[in-house]
Every structure is written in C-alpha cells, then in structure tokens.
Amino acid sequence: MRQLHAQDIEDIAVGAALLGTGGGGDPHVGKLMALQAIEESGPVDLVDVSEVPDEGLIVPLAMMGAPTVLVEKVPNGEEFPRVFEALKNYLGKPVFATMPIEAGGVNSMIPLASAAKLRIPVIDADGMGRAFPELQMVTFHLAGASATPMVMTDEKGNLVLFGTISNQWTEALARSATVVMGGSAMIAIYPLTGRQVKDAAIGGIVTLAQRIGEAIRRSRIESRDPLAAVLEVTGGLRLFKGKIVDVSRKTAGGFVRGEALFEGIDDYRGKTLRLQFQNENLIAVSDGNVLASVPDLITVLDSETARPMTTEALKYGYRAVVIGIPCDARWRTPEGIETVGPRYFGYDIDYVPIEERVSREWAKGGEPA
Amino acid sequence: MTYRLGIDVGGTNTDAVLLDEEGQVISKAKSPTTDDVTSGILDVLAKVLADKAIDRSMIKHAMLGTTHCTNAIVERKRLSRVAVIRIGYPATVAVKPLTGWPEDLKQATGNEIFVIGGGHEFDGRRIGELDREALRRIARRVRGRVDAVAVTAVFSPVNPEDELEAARILKEELGDTPISLSHEIGSIGLLERENATVLNAAVVGVAKATATAFSEALRREGIDARAYFGQNDGTLMSVDYAVRYPILTIACGPTNSIRGAAFLSNQRDALVVDVGGTTTDVGVLVNRFPRESSVAVEIGGVRTNFRMPDLVSIGLGGGSIVRQRNGQVTIGPDSVGYRIQHEAVVFGGTTLTATDVAVAAGHVGIGDRRRVSGLDPGLVRQTQGAMVRMVEDAIDRVKTSPEPVPAVLVGGGSILLPDRLQGVLEVLRPAHYEVANAIGAAIAQVSGQIERVFSLDAISREEAVRQAADMAREEAVRAGADPAAVEVVEVDDVPLAYLPGNATRIRVKAAGDLAR
Numbered sequence: 040m041r042q043l044h045a046q047d048i049e050d051i052a053v054g055a056a057l058l059g060t061g062g063g064g065d066p067h068v069g070k071l072m073a074l075q076a077i078e079e080s081g082p083v084d085l086v087d088v089s090e091v092p093d094e095g096l097i098v099p100l101a102m103m104g105a106p107t108v109l110v111e112k113v114p115n116g117e118e119f120p121r122v123f124e125a126l127k128n129y130l131g132k133p134v135f136a137t138m139p140i141e142a143g144g145v146n147s148m149i150p151l152a153s154a155a156k157l158r159i160p161v162i163d164a165d166g167m168g169r170a171f172p173e174l175q176m177v178t179f180h181l182a183g184a185s186a187t188p189m190v191m192t193d194e195k196g197n198l199v200l201f202g203t204i205s206n207q208w209t210e211a212l213a214r215s216a217t218v219v220m221g222g223s224a225m226i227a228i229y230p231l232t233g234r235q236v237k238d239a240a241i242g243g244i245v246t247l248a249q250r251i252g253e254a255i256r257r258s259r260i261e262s263r264d265p266l267a268a269v270l271e272v273t274g275g276l277r278l279f280k281g282k283i284v285d286v287s288r289k290t291a292g293g294f295v296r297g298e299a300l301f302e303g304i305d306d307y308r309g310k311t312l313r314l315q316f317q318n319e320n321l322i323a324v325s326d327g328n329v330l331a332s333v334p335d336l337i338t339v340l341d342s343e344t345a346r347p348m349t350t351e352a353l354k355y356g357y358r359a360v361v362i363g364i365p366c367d368a369r370w371r372t373p374e375g376i377e378t379v380g381p382r383y384f385g386y387d388i389d390y391v392p393i394e395e396r397v398s399r400e401w402a403k404g405g406e407p408a
Numbered sequence: 004m005t006y007r008l009g010i011d012v013g014g015t016n017t018d019a020v021l022l023d024e025e026g027q028v029i030s031k032a033k034s035p036t037t038d039d040v041t042s043g044i045l046d047v048l049a050k051v052l053a054d055k056a057i058d059r060s061m062i063k064h065a066m067l068g069t070t071h072c073t074n075a076i077v078e079r080k081r082l083s084r085v086a087v088i089r090i091g092y093p094a095t096v097a098v099k100p101l102t103g104w105p106e107d108l109k110q111a112t113g114n115e116i117f118v119i120g121g122g123h124e125f126d127g128r129r130i131g132e133l134d135r136e137a138l139r140r141i142a143r144r145v146r147g148r149v150d151a152v153a154v155t156a157v158f159s160p161v162n163p164e165d166e167l168e169a170a171r172i173l174k175e176e177l178g179d180t181p182i183s184l185s186h187e188i189g190s191i192g193l194l195e196r197e198n199a200t201v202l203n204a205a206v207v208g209v210a211k212a213t214a215t216a217f218s219e220a221l222r223r224e225g226i227d228a229r230a231y232f233g234q235n236d237g238t239l240m241s242v243d244y245a246v247r248y249p250i251l252t253i254a255c256g257p258t259n260s261i262r263g264a265a266f267l268s269n270q271r272d273a274l275v276v277d278v279g280g281t282t283t284d285v286g287v288l289v290n291r292f293p294r295e296s297s298v299a300v301e302i303g304g305v306r307t308n309f310r311m312p313d314l315v316s317i318g319l320g321g322g323s324i325v326r327q328r329n330g331q332v333t334i335g336p337d338s339v340g341y342r343i344q345h346e347a348v349v350f351g352g353t354t355l356t357a358t359d360v361a362v363a364a365g366h367v368g369i370g371d372r373r374r375v376s377g378l379d380p381g382l383v384r385q386t387q388g389a390m391v392r393m394v395e396d397a398i399d400r401v402k403t404s405p406e407p408v409p410a411v412l413v414g415g416g417s418i419l420l421p422d423r424l425q426g427v428l429e430v431l432r433p434a435h436y437e438v439a440n441a442i443g444a445a446i447a448q449v450s451g452q453i454e455r456v457f458s459l460d461a462i463s464r465e466e467a468v469r470q471a472a473d474m475a476r477e478e479a480v481r482a483g484a485d486p487a488a489v490e491v492v493e494v495d496d497v498p499l500a501y502l503p504g505n506a507t508r509i510r511v512k513a514a515g516d517l518a519r
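The listed protein sequences derive, respectively, from chains G and S.
All residue numbers for the first sequence refer to the numbering used here, where the first residue is 40 and numbers rise by one.
All residue numbers for the second sequence refer to the numbering used here, where the first residue is 4 and numbers rise by one.
Careful: at least some of the hints might be erroneous.
[To be verified] Covered by chain G, per the in silico footprint, the following chain S stretches (three or more residues, Cβ under 8 Å):
1. 25 to 38
2. 95 to 109
3. 387 to 401
[To be verified] Across the chosen pairs, the derived CB separations fall in these ranges:
4. D58/S / L300/G: 53 to 61 Å
5. E406/S / R259/G: 42 to 50 Å
6. G304/S / P82/G: 19 to 27 Å
7. S215/G / V77/S: 43 to 51 Å
8. R259/G / H345/S: 36 to 44 Å
9. D243/S / A352/G: 33 to 41 Å
10. K132/G / G127/S: 35 to 43 Å
11. R259/G / D58/S: 54 to 62 Å
12. G225/S / K289/G: 56 to 64 Å
13. G274/G / E301/S: 31 to 39 Å
FYI, nobody ran anything at the bench for these hints, they're computed from the structure.
Using N, Cα and C, we set each Cβ at its ideal position, and we do this for glycine too.
Looking at chain S on its own, in the form it has when it is part of the complex:
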C-alpha cells in the first residue's frame, strides 16, 4: 500500500493528511501557520506522521499548497531582481512595462525594462522580426545584475514562437538564470500577463528555497517521495515546474478546499463553503474543478489576469470576534485566529467569538458550554441569524442560476452553520471536512491549458476545439499526467467583439491523474 501526503498552508492553520491508494484518510493533523510558513509545515509534518505504525517508505507522493510566494510579493521580501523584456516593438510602448506598479515593488524587483522588436498579430501574422541582436545586447547588459528574466511577447498566447526563441538565446548568454515566459503563465491582455510574468520571475528564488526546505523536511522525516506544489487551478506541478512557474501557486489554498470538498462529497457540480478561522470562501465546483474568475485580479497592488478561482470571501470564521453595540450585533472581520484555543470564552478566554455563540446555541459541542450559559439568548439568536445571512448572501452571489444546488460545507469553522441554507438544495458535511484543503492538495491531478485565437472562417469551431484539446492534452502529459487518463475538463470560447472574420478565442484545459 502506497501513500500520498497532502499539506495546505492556510491563513490560520497549516493542515496535513496522509491518504492511501483508495483515497482513505490514514492520518490527519493541524498546526498553527507560522510567520515564516516553513516551521509550521515542519510542525504539521511531525504531527501527521506521529503514529509509529505508518510505514514512511510507502509515501510516494508529497503535495504542498503554500503561501510562501504570495507573502513574498505582499511583503516585498526576498524578491529576485528581474530583467523585464517585452517583445512587440513598434507596438506597445505607449504603455511601458511596470506601469502602475507600486514604487516599492518596482524597486524590489530592480526596475530593468526593455522593449524590443518582434511579436505577432491576433491572427498569427508577424508584427515584425524578432530582434535577436537586441536580446544578446540586453543579456550582456544585465548579466550579474539580475537574478531572473521575464519575457512577454505580443499575442504569445496565439503564437509562442518568439518567447521560445528568446529563451533559447538568453540561455546561451545567461546560462542558468531562470527565464519566465508569459504564454505559459497568463492569457490575452498584454499588460496583465506581463505583470504576472514579472511577478513570477521575482518569486523564483523564494520558490526554490521553499522547494529545497520542503524536500529537506521530507528527507529528515525519512520520506522518499516525489514532491509537488499545488497550483491555483486545482492541479499539481512537479517541483521542477513549480520552481519555473511559482506564481501559479498563488491562491491554491481555496482551490484545494474546493477540490477536497468535491472528492470527499463525491460531487461534480456544487457550491463549496469553506469556513476557516478568519474568513469564509464560497466557490463553485464545475465538473470537479473550481470555476475560474474572469476579472482582473490584483496581487500586491499589481493588476494580473491569470487563473484564479472565482470566490466570494467574507470575514466570517470560527474565530471571528462578536461585538454588541447599541443593540446591534457585529461579526468580524477581525478574528482571534489560531489563538481561539486560548482566547475564546468556551476555552477559558475572554473574547466572544462566533464559535462561542454556536456553542451557546447548542449547535456545537466543543469547549466548556457552561462558560457561555449566561449569554443573552437574544444576542445568540441575533448573531446566529446574522452569520447565516452572511453566508446565504455570499452563496447567492456566486451562483449562476437561481435553481437550488447542493452545498458542501468544509473547513474547521463550518460547524457554525446550520443544516439548512437558503438557495441550497442540500447541505453536505463530508467526513474529514476540517482538512478538506489538505485532502485537495493530496488528490490533485496534473493539467495542461492552452489558449489561442482561431479564425473560424478557415476551420470549423469543432475542428478548432479539437486542435486546442490536443494541445492541452500534450501540455498535461508534459506536466506529468498519465497519457491514458488525461481528459478535457473545460472548454471556453469567446468571440472577439467589433471584428469581422469570426475570430474566436478558445481556451481548453485537460487534466489527468499523475503518471505512476
């Protein structure tokens, strides 16, 4: 019997699970998330493996969903200096690279900007020849002054040729300096994709350090497993890949919860309500994957357009602080977080939390109920009502149709919620709900995604989708999926408005289980 280890770093807790081949939970553990993140991972690893009966040599895969990269960007710490190269001149210079970036982040990443000739039109024709000489000049200029390179070519999601050629030339000149290519990171929308690519290059160093620390921690625990990082579309990257595309790890936490909820409840299409210590995320499961957001997402003050789960987050969690002012009850958005074990009233503390109210109402049997027996029943009723309304409102916002759908409740804080919610067909509370995120990390598949603009004058829509699907399958296999198990999980086509010629953007994602 072989095992999979899944670890997910959340805002409040770091969770870990050990699954067997059948997906049964062998062991699970929670530990507070620490400021440096890594020591929290070490703690939870020790806890989940505490049972001496576990044969560590049988752990073959280890998956980590972590916030290292997000934190580095938000805190502007440990970022790499990046040479930002845009290919597309004479187009694009009316808005230069890094426009609109916060000044401190620009400085932290070195602010080395170049725009050179090359790139493509929407239909695949060239804007101009790639300026190879300029690339060599840039490489010589930045050698020793930057730690990474970000390359973004106009319409590279349609034709990645220039980015690939640029990478080849830069590698000749710069050796092992990491190079990030935009077509592997974002979709159409030059500035947002370029921003994501630069951020990616900036966290390559952090990702490498994290990968090394994770591998070392596994080795120290006597585990000889292949290591993977979770990415924000609910699939895995091998460590080699994650070190090249670390930006894709951002927001993998909510995604892991949604995927874990799908697995535990055996649902393909449902709502997922993940109640943590500080926040509740409500997302949508479509064909076993999280629905992705279509609007620009800001990270650390920078606008990006890459894949993120479409979520509504509200400030309600198990540790949310409950206050009463002028007869009005407020819940959160501040929380006692992992200190709930000491600060909540039922645990002997003095701060009234959402958990205390749930205990007082008799919905939850944790801590010492007598400590909240004196709470005003009116307050309890009002708070309960307010919590349910907050969640029902969030549910209503993420739904795409008025029909009631099943909702899967996961996360340690989900015990706060009742068994009936408006707009919900059925409330499902699967076993191991409190570690759904770590389970999501453990069961994740490997995926490939492509996005191209096709002219449907030349070929039919079906043929275009078929071509795109083949490319997506190849991508998935390249990322480590079992070729026999890869299937298309998402097809999205958007006609380009204000243009004749039936130009249509087609995006296909394929995913499959890991190759053994």
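Chain G with its partners taken away, still in its complex shape:
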C-alpha cells in the first residue's frame, strides 16, 4: 500500500489521458474533484491487488453520460457515500475499497475523489487497462461477473438500483436513466469480491498511469526525450510520426466517428497513416498495412511534449507521434476479441497483436514486418 498525494494525481491524470486512447473524456474535471477531496480529507491509500481480502466487497465507480454535461454540471460529492450506502444495504456488507472501471479518461479520477472523501482505499487495478465506450467492455464481463446490482445516482439525490438479466440490458437501461437524470450520472457497477478482482482485474494500471505522467513531466524538467520515456514505461511501439493533413468526423448514434490522415515526417517521410476513431482511436493503417487495431491501445502524442491528444483536438497541421501499446492478454482471448475486437466496431479485419504487426525496424522508421 502507498499514499497518493496531489502531485501523484496530476501525473495519473496525464497517464489517464494517454490510456484513454483519444477518448474517455478529458480527465481535467475529475482531477479537480480528486485534488479538492485530497485537500479536504487527506491522501488516498492505493492498495495492490494482492493486498485485497478475498471476501472484501469492491465497488468500481464511474461517471456515465456525456463529458460535455460533466464539465458543466459538476457532481456534488455526496453521490459517493450515497451509492456505497445503497449497495451496502442491498448486499448486506460494507464496501472495502473502490477502483476505476477504466483507467483511461475522466473515469480514472472518480474513484480517487471518492476514496479520499470516504477514506477507503483504491485498488491499483481496473477492468479495461484503457478506455472503452460500453459497460460490458470490461474484463469482469469476460470472467462472467454481472454489472448488477448497479446503483446510479445524480447530484439531486435520485437513486436507481438496477437488477438486469444481462450486461447488454444494463447498458441500455442505464443509458436511458442517465438522460433523465440530466445527461451525466454517477454509477457504482460490477460489485466484486476481492477474489474476483484478483482473478479478473488488470492490476498495476493506476501505477502505470502515474509512471506515464511522471515520465512526461520529468523528461521535460530534465530535457530528455519524452517519447522514449513513454515507450519505455508502457512497452509501447512507435507507429508513426507525421503531420495531420486531413480530419473528418461524423456523428452517429451518440458516437463521433471519424478519421485523421497523417503525412510522414522525419523517419516516416513519404509514408502515410490513416487513424480511424469512434470516440477512442480504433485502427491505424499505413499505406494499406494495418499497424495496430483495437483492443491494442493507439494514442496520438504531441511530437514535442509527448502530451496525449484527444480525438477532438486532432486538427490539420498538428505534428504528432502515434504510438501503439499492447493491450492486456485477456483482450486477446476469443471472448475478448469478440467483445472489443475490430469486428465489434465494424472493421472487417482479424485482430493481430501489435507486436506481430509492427517490427522493431518500423518502430525506428524502417519497413513493416
């Protein structure tokens, strides 16, 4: 176990933006919530998965709804005790700890804010190892865990307890309730036992986010190459370095789909990269060769600072480095690929792990494997 202070939160927020692979909502508001909670109640205890008691009740927390609403209608803070209280009464046992459902984007910060306020630990783990748009896209789902009983509340005090027959039903019902509550709501979802967390969660992910943020911050202070630091920490591969020459977006069914075209610079001169996204970055193709696809992580970083860029920030003229990071092994199982693989998102290609698609030579600027 170790304690997280304000600087750690800042670093985790940067790492969370990177693990958000272009989506997941800007962690900024969540970060401010966590910083205020720490200022008022003291630092957060971060515990390793191995330290969790098998029988302990673990409740992941997240915001559901539109990030645009969240930045306008910021939560109250009392949503945290309310959802935990409701689950405690329903399940008949107290909450031992919380954890992020997704380590990428704004939802990386919500459990930290709640943990500081309620003085409970946060487990150094999540259910995605990144950000995904739908409730069933978690490793707990692969392991057969149920998203319910799930509790949803708003800042006004309304509270809904969901019991559903499948995680797809949870997604549909919760999405509707979110709109009625005003477009953004707090959810406690996938209540797990410590045993389930040990079996199904992706461990060490909060620490990874922190190390990413720290690497970017330190390399700036020490005038070192921030990109090399990020790749070292994440085990990632450089996919491309280029200038954005075209961006197109369209909205369908509440999701923003689009693509950005990069023209190579430096080592990648003469090549192009096509990056397709649906809230998150999904697939990167260079001159007909798929370099990486979901569920592997694809993130666009500013070419100077290595700061992660969201899909909304992609504009003509930006110079960026595109990196790929291998996803958790559980996403590479047949069930994992079925849940979050390229075909689920509408791309007619097989999933091939990034390490097999991208050679070390390509990552240094040479030819693909």
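Dock chain S against the given chain G, drawing on the hints supplied.
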C-alpha cells in the same frame, strides 16, 4: 465628411489611424507603448491629430483596442474584490469556485465564494428552484466588502433565467455594484466560464478607469465622438458595454490586425501574418473574421474557455536579436522592442537584429545600409532562411487544409519577409500594412453571439439554427448594430457525444456595421 479614429495598443507600439467614411486613411501614427499604457495612448493621439487641417469635430467614432485589462490580471494590480456566486447546488460543489487559481490572484480578488441552489439541466429542465433568500443573505454579507459580483449558473448558456433573476435581486440589495453574468461571457464548461466571469468582475474597475481616461483624452483633444472598445472577436463594444464585459477586450490586438488585414486586402478568407517588434502572430481569416480557438486558454494562470482568436505566435519580430553560436544562428525570442530606433545596427546601435539582417540582404531599405555591409554573407543567408522557415512552419500549423491560400502580411516587421512563402498561393502586402491593427479597430463591426443546446428530436436542425440566428441578431442590435445591416457570420454546431436524443450545441454569431 465624418471620421473614425482607431487606436490599438500592441506589445511594442501603440498605433493610431484616422479613417474617412470611405475607409481611406487620412492620418496614421505610431508611438512606443508605455508601462502605464494610458500615456502611450495620449502620445499617439496627439501625433495622429498633428495635422492642423483635420477637422476634429468631424470625428464621430473613436475605437480603442487596449491591453489594460490583460496587464491588470497578469500583474495582479488594481483588481476589484469580487463576490463569486455560483448557482447550481446541489450540483457542482465537488469542485468549488476558484479551484486551481494561483494563490496571489485569489487573494487579490478577495476570495469570497458562495454556492446556492438553482440552475438548469442540459435540456433546459431545472436542477432546482433559484434560492432567492440566499442571494439576499449573500448581498447583505458582502455589502461594502466587495467591489463587484460574478454570477455563474449551471447551463446558463442554455437558459440564462437564473442569472438574470439573480442580477435583479442583487441590484435591489447592492445598488450600483457591477454584476457580471457568465452567460454573457463564456460558453459551456462551468469552471472555465466561471473563471472568465470572475476575472471579468475583477477588471471592471480597471475598465472604468480606462474608459474615463480615454473619454477625457478625446475631450482634451477637442473630439466629441462616441467611444468604443475592441473585443477579441473583432467586433466593438460601446463603452457602457465594455465597462460591463471588459474581459472580452483581452487579446483584441491580434484580432484587430486580422480584421485590418481583411479590410486592407479586401480578402474574406486568407491567412494573416502579423509581424510586430517582438512576435509574429499567424491567424486565419474566415469570412472576414478571425477563426476562434476551441481549446482552453489560460490568462494569468487561470483556465478560461471564452472566445479567443486561434493563433500561432512565434518569437520573431523586427527587433528580434540575432546571435551566432558555434556556427548556429538563433533568432529571438528576445527583442530590442521599440528601442530598435537606437539599438539596431542600421540605426547606429550595436545589437544585431532581424531588421539589420533584412537590410544587409537588400530586402529592406531603412537605416544606414553601410553599417551592415561587413556582415558575413553566410550569416545573412542562414538567418534569412531561418526566419522564413519559422514563418512557413507557423503558417503550416494554422492552416486547415493543404491547399495554398493567400497570405496577407501586415505589421511593421512584415518587411522582413520575402514575396514567396511555401504553402502560400500569393503574398499580399496592402497599403498601410504597418497600422493594420489600428485600422482593424477603426473599421470594427458590432456583433452578438448566442450558444444553446437544442434537442433535434423536437425540431429540425434548420429550425434550431434559425432560432439561434434570430437570437444572435437581436444581441447584435442590442450591442449597437444597425438592424438593417446585421448578418449571420458564423454557425457552429457540435453534437454532444455519448448521449442519445440528438442533443446538439449550436453557436451563432451575427455582426453588422454600427448604427449611425
């Protein structure tokens, strides 16, 4: 024949122009920007009116683009103490007002914070009833302890009702204490809009003093004109309005240059490269207005989200200092600024500047060329190349498509640049390029802007845009535009992601010439 006077305060120089009704330049002048800003304005005013033939009684409009408010925030000086009132409880208190503000700025503005019930949802439903009693309690508590009030309600850009009602109640209790309302200042994004509103309230005092000084200066010069302030979207505010919304004057300088460049070159869509004494700003002209930035902008260490021109600024200007180290040439980012008249080599000084190199290369014929005749031709070539690359790189960053577009070069330092630039269809150098910013201030129109979230399940997108456009036109007329001349200049709609129900944020801006 009536005249318009335009004054723009830049980082290095304060510029002034006098235009006639046809937009012809009657007189122009430059004077160094001073630390107190006001005395520089007085100097340039005297210079631009030096010609005795000018009939001062015919100057009917006077426009000022100034940095007074920016400086007050950055230097934390002369700021008003502000009662910060947020309407939206029980929502929002997980992040309290002024979170993330630098401590010195918090103290300088009084750090009086209140969060009360009220506010709306994204679709216009209420979060709760406005807590009128709390407003009266707050008013009584802060009376005499603050100089201004900032009111921010949740989703006020969708429905401003609670902010307007709060203003009415506070006025009853506090009389003439200035009240800033967030829906008139920023867009969706509570914390950033609230920050901008608080900063606005904090500079109301500075704006009032500036307005008084400007009006007095005009009177002393025998000018009886209506006075306006330039704002950062390239349009004007009457002095009454500017004193209420002074934060909108921040960054009006680059905007004035872009608008002035549009006017002088008669372009609607182009790039504008404004080379000053210390920096070069590259911006984009879209339909005669500057393209606005969509990312959060920090002012004095505070994150805000209000309208700012989307610019790339680089440290290259006429006064940029040129150095040679180990065979490598560096340019800027430091500059001799307005002291170029004494310190540059061609003017008899000893500091090698970008201007000296341009003279040595034969591109510019100012100062004494013989003084730079001994410069190493390699150095000259290298420096020229580096300057052009810096500008071409900046141009490439602001462009939205690879197609070459015309670029309008303005600002006193633009003589440094060649007639061909990569990615540029055609380099345009209009007459009076060196005072384009003051011209931009002089020709500015009046605008109105609205931003609302519409549910496109209930009405069509076209109908929503039409409603928004009507509201924007009304805003423009209220700000002083001629109702017959107002047109919609910008429509922007952004669908809200992760939400069903087709909620779409629509932003419309309308602008028109001043009513006579």
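Going through the hints against the structure:
no., hint, verdict
1, 25 to 38, "violated (count 0)"
2, 95 to 109, "holds (count 7)"
3, 387 to 401, "holds (count 3)"
4, D58/S / L300/G: 53 to 61 Å, "holds, 58 Å"
5, E406/S / R259/G: 42 to 50 Å, "violated, 35 Å"
6, G304/S / P82/G: 19 to 27 Å, "holds, 25 Å"
7, S215/G / V77/S: 43 to 51 Å, "holds, 48 Å"
8, R259/G / H345/S: 36 to 44 Å, "holds, 38 Å"
9, D243/S / A352/G: 33 to 41 Å, "holds, 38 Å"
10, K132/G / G127/S: 35 to 43 Å, "holds, 41 Å"
11, R259/G / D58/S: 54 to 62 Å, "holds, 59 Å"
12, G225/S / K289/G: 56 to 64 Å, "holds, 59 Å"
13, G274/G / E301/S: 31 to 39 Å, "holds, 34 Å"
Going down the numbered hints, you'll see the structure goes against 1 and 5, while the others check out.
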